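Kindly generate the complete structure, drawing on both the sequences and the hints.
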Amino acid sequence: MFWDNLRCIIEGLNKSFERKFHEFDEYSNVEGLCELKELIVSLRDTDILVGFDRVAHYVVDDSNFKTEVYGGHSKISNEFLKMSNKELSSLLFGFIHIEYIQGFVTFNDIEGFLMLIQFNYFYYSKMGCSRFKVMEMGCGGDIIQYLSFFTDEYKLFPDLPDYDESFFNNLKNMTYGDERARLLEDFLRCGYLSLILVEQNLSGSFFNHIKASAQYLMACNALKRGSLKISCEDVVIGYTLTLKCIVEDMRPYVRSAFYRKK
Numbered sequence: 001m002f003w004d005n006l007r008c009i010i011e012g013l014n015k016s017f018e019r020k021f022h023e024f025d026e027y028s029n030v031e032g033l034c035e036l037k038e039l040i041v042s043l044r045d046t047d048i049l050v051g052f053d054r055v056a057h058y059v060v061d062d063s064n065f066k067t068e069v070y071g072g073h074s075k076i077s078n079e080f081l082k083m084s085n086k087e088l089s090s091l092l093f094g095f096i097h098i099e100y101i102q103g104f105v106t107f108n109d110i111e112g113f114l115m116l117i118q119f120n121y122f123y124y125s126k127m128g129c130s131r132f133k134v135m136e137m138g139c140g141g142d143i144i145q146y147l148s149f150f151t152d153e154y155k156l157f158p159d160l161p162d163y164d165e166s167f168f169n170n171l172k173n174m175t176y177g178d179e180r181a182r183l184l185e186d187f188l189r190c191g192y193l194s195l196i197l198v199e200q201n202l203s204g205s206f207f208n209h210i211k212a213s214a215q216y217l218m219a220c221n222a223l224k225r226g227s228l229k230i231s232c233e234d235v236v237i238g239y240t241l242t243l244k245c246i247v248e249d250m251r252p253y254v255r256s257a258f259y260r261k262k
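Start counting the sequence shown at 1; every next residue gets the next number (this note's numbering).
Keep in mind the hints are simulated off the structure, nothing from the lab.
Every value quoted in this text rests on a predicted model; they were computed, and no experiment measured them.
For each residue, glycine too, the CB sits at the ideal point set by N, CA and C.
Be aware that a few hints might be false.
[What the hints assert, rightly or not] Straight-line Cα separation of at most 30 angstroms, BS3-like style, residue types lysine-lysine; simulated pairs: (1) 172 - 229; (2) 37 - 229; (3) 224 - 155; (4) 82 - 37; (5) 172 - 155; (6) 37 - 211; (7) 224 - 211; (8) 211 - 244; (9) 126 - 211; (10) 126 - 155; (11) 155 - 211; (12) 211 - 172; (13) 86 - 229; (14) 172 - 244; (15) 82 - 172; (16) 126 - 229; (17) 244 - 155; (18) 229 - 244; (19) 82 - 229; (20) 37 - 126; (21) 86 - 211; (22) 224 - 244; (23) 224 - 37; (24) 211 - 82; (25) 224 - 126; (26) 86 - 224; (27) 224 - 82; (28) 86 - 244; (29) 172 - 86; (30) 82 - 244; (31) 211 - 229; (32) 155 - 86; (33) 37 - 244; (34) 244 - 126; (35) 86 - 126; (36) 172 - 126.
[Unchecked claim] Each pair of labels, with its calculated beta carbon distance range: (37) 190 - 35: 27 to 33 angstroms; (38) 229 - 126: 27 to 33 angstroms; (39) 50 - 169: 37 to 43 angstroms; (40) 48 - 227: 30 to 36 angstroms.
The structure is reproduced here in structure tokens:
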């Protein structure tokens, strides 16, 4: 009986996944969507997300780590993160994000992305690096600058541009360019990724880190194009980069970014 029920559940999830894929037929002309779909499929067939989820529990449950890195955000040493914290920290009661009141991007999104980079460092170190090693590398703040300004071209490590408060204000003022882009993001988050979350029994908090990272990166890519309107292509790049920050070992890039700024 148990195995029959389990088989029915798996078959149901597979059918739901295939059905969701057909919903993207109308987006077939969006650049990069095929690569993103392949990434999503590959994540279903591995235990990487489960491993990241375990790391997330380890890091988030480590009160010393949270205190040293995030203690009132007073110990953030990276200037980019300091400014983003100052300009974008507007969460009601510390955790509620209401987009039409607070803006498209808040510091909560950047912090979620930052933690995803840290999870990556722990995961690919086989949990063998201490929290102090992560802190030594600037908590990932340096690589986040390259990803913020250059998105999918960050591995080239171009010279970082000057920036001021207007960069973060522009991120805050982002909107979807049209309903099509908003629906694409909704399909990706509530369709594919939520199915994987259920299938692999992932925690909601880890899922929120993925959403926050993608939201931040799609806004950055729109700004890179010189626009305050998020397109379908921006949505795809946001999610593709986020998932690549899971499936790829980011440690070499974290180190390179850290030492380039010294």
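Checklist entry - Which hint numbers does the structure go against, in order from smallest to largest? => result 4, 16, 25, 35, 36, 37 and 38
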